[in-house]
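With chain A held as given, fit chain B onto it using these hints.
For the record, the sequence lines run as chains A and B.
Just so we're aligned, residue 1 is where the first sequence starts under our numbering, counting upward by one.
Just so we're aligned, residue 1 is where the second sequence starts under our numbering, counting upward by one.
Source of the hints: derived by calculation from the structure; they are not laboratory data.
Treat the numbers as computed from the prediction; the structure is a model and nothing was measured.
Any given hint could turn out to be false.
[As the list claims (entries may be wrong)] Which chain B residues face chain A? A few, computed with CB under 8 Å, are given here: (1) T110; (2) Q149; (3) G206; (4) D208; (5) A215; (6) G218; (7) H226; (8) E238; (9) I247.
[Claimed, not checked] Per the computed footprint, the stretches of chain B lying under chain A, defined by three or more beta-carbons under 8 Å from a beta-carbon of chain A, are: (10) 119-131; (11) 166-172.
Glycine included, each C-beta is placed from N, C-alpha and C at the ideal position.
Protein chains: 2
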Amino acid sequence: MMRIAIIGTGNVAWQFANAFREKHNVEFIYGRNAKKAEQLAQSVEAAFSTSFNQIPRDLDLYLIAISDDQIESVAGQIPEVSGIVAHTSGSVDLTVIPHEKSGVFYPLQTLSKEKVVDWKKVPLCVESQHAESLKALTELGSDLSKNVQQIDSQQRRAIHLAAVFACNFSNHMMANAQELLRESELDFSILKPLIEETVEKALEVGPDNAQTGPAVRGDEKTLEKHRNLLENHARLLEIYNLVSQSIQDTRHE
Amino acid sequence: MMRIAIIGTGNVAWQFANAFREKHNVEFIYGRNAKKAEQLAQSVEAAFSTSFNQIPRDLDLYLIAISDDQIESVAGQIPEVSGIVAHTSGSVDLTVIPHEKSGVFYPLQTLSKEKVVDWKKVPLCVESQHAESLKALTELGSDLSKNVQQIDSQQRRAIHLAAVFACNFSNHMMANAQELLRESELDFSILKPLIEETVEKALEVGPDNAQTGPAVRGDEKTLEKHRNLLENHARLLEIYNLVSQSIQDTRHE
Numbered sequence: 001m002m003r004i005a006i007i008g009t010g011n012v013a014w015q016f017a018n019a020f021r022e023k024h025n026v027e028f029i030y031g032r033n034a035k036k037a038e039q040l041a042q043s044v045e046a047a048f049s050t051s052f053n054q055i056p057r058d059l060d061l062y063l064i065a066i067s068d069d070q071i072e073s074v075a076g077q078i079p080e081v082s083g084i085v086a087h088t089s090g091s092v093d094l095t096v097i098p099h100e101k102s103g104v105f106y107p108l109q110t111l112s113k114e115k116v117v118d119w120k121k122v123p124l125c126v127e128s129q130h131a132e133s134l135k136a137l138t139e140l141g142s143d144l145s146k147n148v149q150q151i152d153s154q155q156r157r158a159i160h161l162a163a164v165f166a167c168n169f170s171n172h173m174m175a176n177a178q179e180l181l182r183e184s185e186l187d188f189s190i191l192k193p194l195i196e197e198t199v200e201k202a203l204e205v206g207p208d209n210a211q212t213g214p215a216v217r218g219d220e221k222t223l224e225k226h227r228n229l230l231e232n233h234a235r236l237l238e239i240y241n242l243v244s245q246s247i248q249d250t251r252h253e
Numbered sequence: 001m002m003r004i005a006i007i008g009t010g011n012v013a014w015q016f017a018n019a020f021r022e023k024h025n026v027e028f029i030y031g032r033n034a035k036k037a038e039q040l041a042q043s044v045e046a047a048f049s050t051s052f053n054q055i056p057r058d059l060d061l062y063l064i065a066i067s068d069d070q071i072e073s074v075a076g077q078i079p080e081v082s083g084i085v086a087h088t089s090g091s092v093d094l095t096v097i098p099h100e101k102s103g104v105f106y107p108l109q110t111l112s113k114e115k116v117v118d119w120k121k122v123p124l125c126v127e128s129q130h131a132e133s134l135k136a137l138t139e140l141g142s143d144l145s146k147n148v149q150q151i152d153s154q155q156r157r158a159i160h161l162a163a164v165f166a167c168n169f170s171n172h173m174m175a176n177a178q179e180l181l182r183e184s185e186l187d188f189s190i191l192k193p194l195i196e197e198t199v200e201k202a203l204e205v206g207p208d209n210a211q212t213g214p215a216v217r218g219d220e221k222t223l224e225k226h227r228n229l230l231e232n233h234a235r236l237l238e239i240y241n242l243v244s245q246s247i248q249d250t251r252h253e
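Next comes chain A alone, as it looks inside the complex (with noise of 0.2 Å):
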């Protein structure tokens, strides 16, 4: 059972707060905004304070649960404490955080305030140079997850901009999908099966294994009939030709 301080009160800090209370106690809620810091703190039962001066020392755990460019400032003004300071970034570093026993606690999943998370299947991204602090953490993730993995920082750099490929740059491509059935009076959801079925072959085969269309074809009679219908669409037609260009490149021969 650990004690735990939660540092901020956006949609990661309500989850976490909320998910660790069932194995441990979550004692007190940091929070800029005191209206805020109150309504997580009695949603979980716990101490809150808008004053860094008012964070216990003598936690287990005190988990930066805000935003990136927030992280080093506020990570700075929290007292010497006994327990592991840890945030939940995926783009920042470890080297942030001052304290000797620096961590981080990174859900690999996107996290709202009101949806409610399947945190066994969420990948939890631990870090740690303290040996003891890394066991710390890896076992809190296994009370939630049944997939947490220790990734340096380097690595979770990679996985962050992996994730903007993956997921930030496939919902541009059906956004662009969507603009183009909009202009023929066409609604998104007619794609809606094959998308599933792509997403789906994608993760079982692998996305390099899964590739199809026109481009990794060599269909050029398909790509110049597509240049065409996007002629009026610089925007469209510049992505359609360098994403078909990079699927060329890398085809698998």
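Using the frame of chain A, we list chain B on its own:
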């Protein structure tokens, strides 16, 4: 009950021949390759031939299920018949079929010979200038799927191009992610829950409303970090910059 000939022996031909059998008579298979034509004919208990002259003239539907670039030439060799002559392609115009009762019967899904298709969910796009034929194709579609849509050639072209963005290009974005993870000795599967969540959300609220990530947030600091990580990956950096720019150019305010 329709009497049907299938022109072709590939995945789409196999899937349709077997799907039609439940409510209709598949009586004839035409194929260039005698062995393949025989195999399919046996599987659905039909006659077969490698000669266009052997195609019976009095059937209700002649379905051309062959590769896109062969459709025009094959359609030109099908004799005058009493029934509908329709192809199954997303990217080929209706007009390449010279017969009076020409049509299109396009399944918007990836079909492979091995995998059982859940036809009820496959969008079937039907087209014909001939009112009676359009009605017959729509009814035939409804025997298979709950999602039959009358789609003209212009719309079908838009769907085909949109599918390249939503499926082929999304898959390539996942392949890029896989490549980045591999370099850090990480398995692509770590992204699985996040990808599933991303796609689920895009299909639920629309990809235009579902966009997340540093580009849409205008998080220049993270964009710069990512560019630095990609400084030795010219191809990925070009994609990163173009797609991030496109996300920013299209974001909702």
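Hints and how they fare:
1. T110: 5 Å, holds
2. Q149: 7 Å, holds
3. G206: Nearest chain A Cβ about 6 Å off; hint holds.
4. D208: Holds, because the Cβ-Cβ distance from D208(B) to chain A comes to roughly 5 Å (cut-off 8 Å).
5. A215: Status holds, d = 7 Å.
6. G218: 12 Å, violated
7. H226: H226(B) check passes; min Cβ-Cβ to chain A is 5 Å, inside 8 Å.
8. E238: The hint holds - E238(B) has a Cβ within 8 Å of chain A, the shortest such distance being about 6 Å.
9. I247: 5 Å, holds
10. 119-131: Contact hint for the stretch 119-131 of chain B vs chain A: holds, 3 residues under 8 Å.
11. 166-172: Result for this restraint: holds, n = 7.
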